[in-house]
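Asker: Starting from the known structure of chain A, fit chain B onto it as the hints suggest.
2 protein chains.
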Amino acid sequence: MEDHLHGLDFLPRDPAERREAEGTEGLVEAMRYSLLAGGKRFRPVLALATCESLGHDPSRLLPTAAAIELIHTYSLIHDDLPAMDDDDLRRGKPTCHRAFGEDTAILAGDALFAEAMRLVCERQKGGPAVQVAVLRELSWATGVGGMVGGQFLDLRDAGHRSADALRLVHTLKTGRLIAASVHVALVLAAPPREIAERYRRFALELGVLFQIVDDILDVAGEEVMLGKAVGGDARLGKATYVSFHGLDRARELAAETHSRARALLDGLPGSHEDLLHLADHVYTRRH
Amino acid sequence: MEDHLHGLDFLPRDPAERREAEGTEGLVEAMRYSLLAGGKRFRPVLALATCESLGHDPSRLLPTAAAIELIHTYSLIHDDLPAMDDDDLRRGKPTCHRAFGEDTAILAGDALFAEAMRLVCERQKGGPAVQVAVLRELSWATGVGGMVGGQFLDLRDAGHRSADALRLVHTLKTGRLIAASVHVALVLAAPPREIAERYRRFALELGVLFQIVDDILDVAGEEVMLGKAVGGDARLGKATYVSFHGLDRARELAAETHSRARALLDGLPGSHEDLLHLADHVYTRRH
Chain A
719 MEDHLHGLDF LPRDPAERRE AEGTEGLVEA MRYSLLAGGK RFRPVLALAT CESLGHDPSR
779 LLPTAAAIEL IHTYSLIHDD LPAMDDDDLR RGKPTCHRAF GEDTAILAGD ALFAEAMRLV
839 CERQKGGPAV QVAVLRELSW ATGVGGMVGG QFLDLRDAGH RSADALRLVH TLKTGRLIAA
899 SVHVALVLAA PPREIAERYR RFALELGVLF QIVDDILDVA GEEVMLGKAV GGDARLGKAT
959 YVSFHGLDRA RELAAETHSR ARALLDGLPG SHEDLLHLAD HVYTRRH
Chain B
719 MEDHLHGLDF LPRDPAERRE AEGTEGLVEA MRYSLLAGGK RFRPVLALAT CESLGHDPSR
779 LLPTAAAIEL IHTYSLIHDD LPAMDDDDLR RGKPTCHRAF GEDTAILAGD ALFAEAMRLV
839 CERQKGGPAV QVAVLRELSW ATGVGGMVGG QFLDLRDAGH RSADALRLVH TLKTGRLIAA
899 SVHVALVLAA PPREIAERYR RFALELGVLF QIVDDILDVA GEEVMLGKAV GGDARLGKAT
959 YVSFHGLDRA RELAAETHSR ARALLDGLPG SHEDLLHLAD HVYTRRH
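Order-wise, the sequence lines are chains A and B. All letters in the first sequence, in the order written, are residues 719 to 1005 by this note's numbering. All letters in the second sequence, in the order written, are residues 719 to 1005 by this note's numbering.
Bound conformation, chain A alone (with noise of 0.2 Å):
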């Protein structure tokens, strides 16, 4: 995954159009600094292990995968400006827009999501019905029902008002483009639909254990291994499953979520110890 991301130059292909596009360099510069900063690469790491659990070579689906880290690297430039989160630090180091100034930061983002579709319009193989049932999964995983919308209701009192509403922030904020991350697997190995269906609610208990586990290290975390100032949440004043249900009770629901996802895995055929892995992985994540 890493060789494959530090491949990406995003210039044009065609010599012509490369040329002209070569004065960007510094815009690409802030794209790789903050695609390359590190990060668990843990939605590309799912669509590759699932693709894997469903019998298919994952290699098969690494640019649509790279393309995941770089919608996903676009939320967190975007998540962090001024305007939105006002954060300095990330992965321990400065944010893009520190590090770039805000404007090329927001052009970095905007320009990282259009060259994950383009990543996918160009290397994707499996044909164009793949390559639009992956593009539709992308583009609804990040829109109005998805992150950008999720993004919207964190950033709005509404959206931390009571544990449901909460909910539905990290359902579409995060929960989204988690699941759309096992989704194109989906579309890549064509499974019988009840299987499929497992997968699918695999994905939604996934997510929800990502943002518990999230929460509570932002309570309980040590600074150093998260990279970026801990009870950051906490501080904004922004509610989370600790504040809603003690840090005793949230711990409780991350054991029963991460139960649910492996028992949704149990049974299924094929080899899921790659899934199941990323699974405890998520689960007893320090950092």
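Source of the hints: derived by calculation from the structure; they are not laboratory data. Just so you know, these numbers come straight off a predicted model, no measurement behind them. Among the clues, some could well be false.
Put simply, identical chains are the same to the list, so a pair is met inside one copy or across any two.
[As the list claims (entries may be wrong)] With a straight-line cut-off of 25 Å between C-alpha atoms, the simulated SDA-like cross-links for lysine to any residue are:
#, residue 1, residue 2
1, K956, H1005
2, K956, E743
3, K956, E740
4, K811, D821
5, K843, A908
6, K956, G744
7, K956, R737
8, K956, G741
9, K758, H995
10, K843, L904
Answerer: Only chain B this time, still in chain A's reference frame:
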């Protein structure tokens, strides 16, 4: 075109997902505010006129034409942001961030882009091969080698140091999406290669013409007609066709470009009235 744009509510079609996204109405309001604020609809009209000129039913291209207008609107919202051009007025109304706040404006732009892609995936007819080819055109025209890369160059001094540098800014920033508006019609109609090439060259000339006339109107237009402060680019110290060549030479360049554009359609099979009319309108427009 207007009816089609007015009909877009951007919410998911699945009833359960639709309910979950209902809290985002403030986001959708900001998107529709900017999308339905008027404007020339130049790019979608160009796409439909090209379709007609190629002997194809333009109504078949409506979802893609609308998607292009969504993308254009997203680019205007982000270009107007305080960190970019910092404009207060657009089409005679407060810009999106002045009306809804900077955070909502950034997200409205982001969401319009995602929803543009989703529109093509869900509504464009012609099969997946046509859809992917359209999405490739749109993602290429908006990425590093297109609109966003051009805006990056436009924000840098180097983009204004010579007439060639300036031409490159415009080629990327506005030319690519104007070209893509013609290309998407070529995707649907699939004419022979030499004919397609003529349309592509026509699109390039039209993009240049559009920009020269824009620069002329920026110094010679009337504020009330333009809906934005006249002389904005000059005030910001930005180079324009007029600042490099003078008003008279810029007018000559416009006339020459207009003639070349018209000549490219001469002798092609079919009726090009709408497309020629559009080229004339770009040349003679007063706002």
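Asker: Work down the list of hints and note, for each, if the structure agrees.
Answerer: Here is how each hint holds up against the structure:
1. For the homomeric pair K956 and H1005, the shortest alpha-carbon distance inside one copy (20 Å) is at most 25 Å, but the shortest distance between copies (46 Å) is not.
2. Only between protomers do K956 and E743 lie at most 25 Å apart by alpha-carbon distance; the minimum there is 21 Å, versus 37 Å within a single protomer.
3. Within a single copy, K956 and E740 get their C-alpha atoms only as close as 42 Å, which misses the 25 Å cut-off; across copies the closest is 21 Å, which meets it.
4. Proximity of K811 to D821 under the C-alpha cut-off of 25 Å is found in both arrangements, the shortest distances being 19 Å within a copy and 23 Å between copies.
5. Taking the shortest alpha-carbon separations for K843 and A908, both the intra-copy value of 14 Å and the inter-copy value of 23 Å come in at or below 25 Å.
6. Taking identical chains as interchangeable, the C-alpha atoms of K956 and G744 lie at most 25 Å apart only when they sit on different chains, with a minimum of 20 Å there against 35 Å within one chain.
7. Taking the shortest alpha-carbon separations for K956 and R737, only the inter-copy value of 23 Å comes in at or below 25 Å, while the best intra-copy value is 47 Å.
8. Taking the closest pair of Cα atoms, K956 and G741 come within 25 Å of each other only across two copies (17 Å); inside a single copy the shortest separation is 41 Å, beyond that limit.
9. Taking the shortest Cα distances, K758 and H995 sit within 25 Å of each other inside one copy (14 Å), while across copies they are farther apart (54 Å).
10. Proximity of K843 and L904 under a CA criterion of 25 Å is satisfied in both settings, with 14 Å inside one chain copy and 24 Å between copies.
Figure legend: structure checked against the earlier numbered hints; every hint is met.
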